[in-house]
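S.K.: Kindly produce the complete structure, drawing on both the sequences and the hints.
Heads up: the protein sequence lines correspond to chains A and B, in order.
With the working numbering applied, the first sequence corresponds to residues 1 to 247, in that order.
With the working numbering applied, the second sequence corresponds to residues 1 to 247, in that order.
Please keep in mind that the hints were generated in silico from the structure rather than gathered at the bench.
Among these hints, one or two may not hold up.
[Said to hold, decoys possible] Mimicking DMTMM-like on lysine to aspartate or glutamate, the simulated pairs with C-alpha atoms at most 20 Å apart in a straight line are:
| hint | chain 1 | residue 1 | chain 2 | residue 2 |
| --- | --- | --- | --- | --- |
| 1 | B | K158 | A | E236 |
| 2 | B | K79 | A | E155 |
| 3 | A | K158 | B | E236 |
| 4 | A | K177 | A | D214 |
| 5 | A | K158 | B | E167 |
| 6 | B | K79 | A | E151 |
| 7 | A | K79 | B | E151 |
| 8 | A | K47 | A | E69 |
| 9 | B | K158 | A | E167 |
| 10 | B | K79 | B | E150 |
[What the hints assert, rightly or not] Computed footprint of chain B on chain A; a stretch qualifies when at least three of its residues, placed anywhere within it, have a C-beta under 8 Å from a C-beta of chain B:
| hint | region |
| --- | --- |
| 11 | 54-65 |
| 12 | 72-84 |
| 13 | 153-167 |
Cβ coordinates follow ideal geometry from the N, Cα and C atoms, glycine included.
2 protein chains.
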Amino acid sequence: MKEPLTSFNPHLSVDCVVFGFDGNSLKVLLVEKVADNHAKHIPRKHKLPGDLIIRMEDLYGAAERVLLELTGLSNIFLKQFSVFGTPDRISDPDDIRWLEDTSGVTISRVVTTAYYSLIKIGKSKVKNVVKNNASWHDVANLPDLAFDHEEIIKEGIKSLQMAIRHEPICFELLPRKFTLRETQILYEAILGHELDNRNFRKKLLKAAYIEPLDEKQNGVAHKPARFYKFNKKKYELNRTDILNYNF
Amino acid sequence: MKEPLTSFNPHLSVDCVVFGFDGNSLKVLLVEKVADNHAKHIPRKHKLPGDLIIRMEDLYGAAERVLLELTGLSNIFLKQFSVFGTPDRISDPDDIRWLEDTSGVTISRVVTTAYYSLIKIGKSKVKNVVKNNASWHDVANLPDLAFDHEEIIKEGIKSLQMAIRHEPICFELLPRKFTLRETQILYEAILGHELDNRNFRKKLLKAAYIEPLDEKQNGVAHKPARFYKFNKKKYELNRTDILNYNF
Numbered sequence: 001m002k003e004p005l006t007s008f009n010p011h012l013s014v015d016c017v018v019f020g021f022d023g024n025s026l027k028v029l030l031v032e033k034v035a036d037n038h039a040k041h042i043p044r045k046h047k048l049p050g051d052l053i054i055r056m057e058d059l060y061g062a063a064e065r066v067l068l069e070l071t072g073l074s075n076i077f078l079k080q081f082s083v084f085g086t087p088d089r090i091s092d093p094d095d096i097r098w099l100e101d102t103s104g105v106t107i108s109r110v111v112t113t114a115y116y117s118l119i120k121i122g123k124s125k126v127k128n129v130v131k132n133n134a135s136w137h138d139v140a141n142l143p144d145l146a147f148d149h150e151e152i153i154k155e156g157i158k159s160l161q162m163a164i165r166h167e168p169i170c171f172e173l174l175p176r177k178f179t180l181r182e183t184q185i186l187y188e189a190i191l192g193h194e195l196d197n198r199n200f201r202k203k204l205l206k207a208a209y210i211e212p213l214d215e216k217q218n219g220v221a222h223k224p225a226r227f228y229k230f231n232k233k234k235y236e237l238n239r240t241d242i243l244n245y246n247f
Numbered sequence: 001m002k003e004p005l006t007s008f009n010p011h012l013s014v015d016c017v018v019f020g021f022d023g024n025s026l027k028v029l030l031v032e033k034v035a036d037n038h039a040k041h042i043p044r045k046h047k048l049p050g051d052l053i054i055r056m057e058d059l060y061g062a063a064e065r066v067l068l069e070l071t072g073l074s075n076i077f078l079k080q081f082s083v084f085g086t087p088d089r090i091s092d093p094d095d096i097r098w099l100e101d102t103s104g105v106t107i108s109r110v111v112t113t114a115y116y117s118l119i120k121i122g123k124s125k126v127k128n129v130v131k132n133n134a135s136w137h138d139v140a141n142l143p144d145l146a147f148d149h150e151e152i153i154k155e156g157i158k159s160l161q162m163a164i165r166h167e168p169i170c171f172e173l174l175p176r177k178f179t180l181r182e183t184q185i186l187y188e189a190i191l192g193h194e195l196d197n198r199n200f201r202k203k204l205l206k207a208a209y210i211e212p213l214d215e216k217q218n219g220v221a222h223k224p225a226r227f228y229k230f231n232k233k234k235y236e237l238n239r240t241d242i243l244n245y246n247f
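M.R.: So this is what it looks like as C-alpha cells:
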C-alpha cells in the first residue's frame, strides 16, 4: 500500500505573515520574488517572507532567521498557526522554476509551517523595513501573490480573529498609548466588519487592565480623545477571571 | 551560510491525539510501539497513533489513514493544532531503532504535524477500538511514552483549553443527552481544576442553544438530573452574538 518512503523527499519551509496596523487598516508585509540573474524571465510577484529550513534549525528559529534576512526585523512576536502540506500547493510552473533557480534543488513538494507576527507599524525599526523590497499591503487589497500565499494570509487572519477573542494580543498592534476609537478600528479591520460603537466601548472600559491616562490627543480636528494603556501585569494577575467560557 | 539543501532530507509524519470522555475523566487513545519480529529487543512503550506520510498524501488525509489503520476509527473530528520540528525531538536510541526497523528508512530527523480528535467513548464504534492494542489512558496518569509524545499531548490539551473558551466543541465529547453536572466534570477535566458550581450552571443555562429535554436520569442513587442537548442549528444562527470579545 505504501510507496517506498525513501523516494519521498519533501522540502520543509517556513512562511511568516507579518501583520501591522497603522491606525487605519490591517496590513501584511510582503517581499518581492526577486529573480536570479540567470532567471530574468520570471515575473516579479509578491510573496510572504519565507524560506526552506536548514539542517539543524528548528522551525521557530527558521522563522526568526527568515524575517531577519528578508526584512531586517528581529525580536518580534511569532506564533505558529498552521502547516500547509497539500501535495499540489506549489503548482504554478513559474513558481516552481523560481524556487529551483534560487534554492538550487529540484522541488517535488514543499510543506510549509506558517507563523504570524504582530507589530506596530509606527515604530522606527519597522519603518526601516526596506530589505529585499519588503513593503506593507492592505489585507483587503492584496497584489498578485506567489504559491498559495493568499490562502496562507487568509488562514492567518482567521487565526488572528480567533485569538483576539481570548487573548489581549491586539495591544501588540496598537501604539503604547491608544484611544478607544483606534482599538475599535483595529478590531473592525481584523474582523472585516463594523462593530457597535457603544457596546464595544462599554466592554473595553470594563476591563481593569485597560487604564485611562491623564493625557489626550493633540492637534486633532475633532474633540481630543483620551489615551489609554494596556497594563500587562494587571492582566496576568487576573488571568483566571478574564478567561471565561462563552457558552 | 546555508548547508547544501540536498543533504537535508527530513521525514514528515502526522500524530493524532484522540481525546475521549467517559463521564469521569479526560482520556487519550494510545497504541503500543509493537516491535517487528527481528527487533524483539525493543521495549513496548506507548505512543500516539501516527506514521510517516506517503508521497501524494496531504496531511489531513495522512491523519485519517493513520487513525483507520492503527485504531479502526473513521469519520471523526480532526483538528491540526501544531507542528513539532525540533531537530533533536527523536533522540532516544531505542525510538530511532524502532522507527528505522518499522519504516525501513534511515531516520535523520522527523517533523510531525499533530491533530487532535474529540470522541464520545460511550459510542459502540469507539468501544471496539482494539486494533494494534489501542487503549484509553487518563491524561492525568499517562504511561511511559515514546518520542516527544508526552509533550505533544500536553500541547494538545492546551489547544483544547483554548478552544473550549470560544467554540462549542465540548459537545463532541459529551453524549447526545447530557446533564449539567457531566458538562462541568468535562470542563474541569480539560482545565485541570475545579470550577464554581453555581457560576458554571448559570452560564450554561443562559446559552439558548443548550436546550432542556423532558427527560431525566434513570436509576441513579441521587435526585435524577435533567438531560440537555446541544442545538447546533441555533448555535450557528446566533454565532455572531455568541463570539464575544473578552476584554
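S.K.: Could you run down the list of hints and mark each one as holding or not?
M.R.: Now for the hints, and whether the structure bears them out:
1. K158/B with E236/A: 17 Å, holds
2. K79/B with E155/A: 14 Å, holds
3. K158/A with E236/B: Holds: K158/A and E236/B sit about 17 Å apart, inside 20 Å.
4. K177/A with D214/A: Given pair K177/A, D214/A holds - Cα atoms ~11 Å apart, limit 20 Å.
5. K158/A with E167/B: 14 Å, holds
6. K79/B with E151/A: Roughly 18 Å separates the two Cα atoms, so the pair holds.
7. K79/A with E151/B: 18 Å, holds
8. K47/A with E69/A: 15 Å, holds
9. K158/B with E167/A: 14 Å, holds
10. K79/B with E150/B: 18 Å, holds
11. 54-65: holds (count 6)
12. 72-84: n = 3 at 8 Å, threshold three: holds.
13. 153-167: n = 4 at 8 Å, threshold three: holds.
Hint compliance for this structure: every hint is met.
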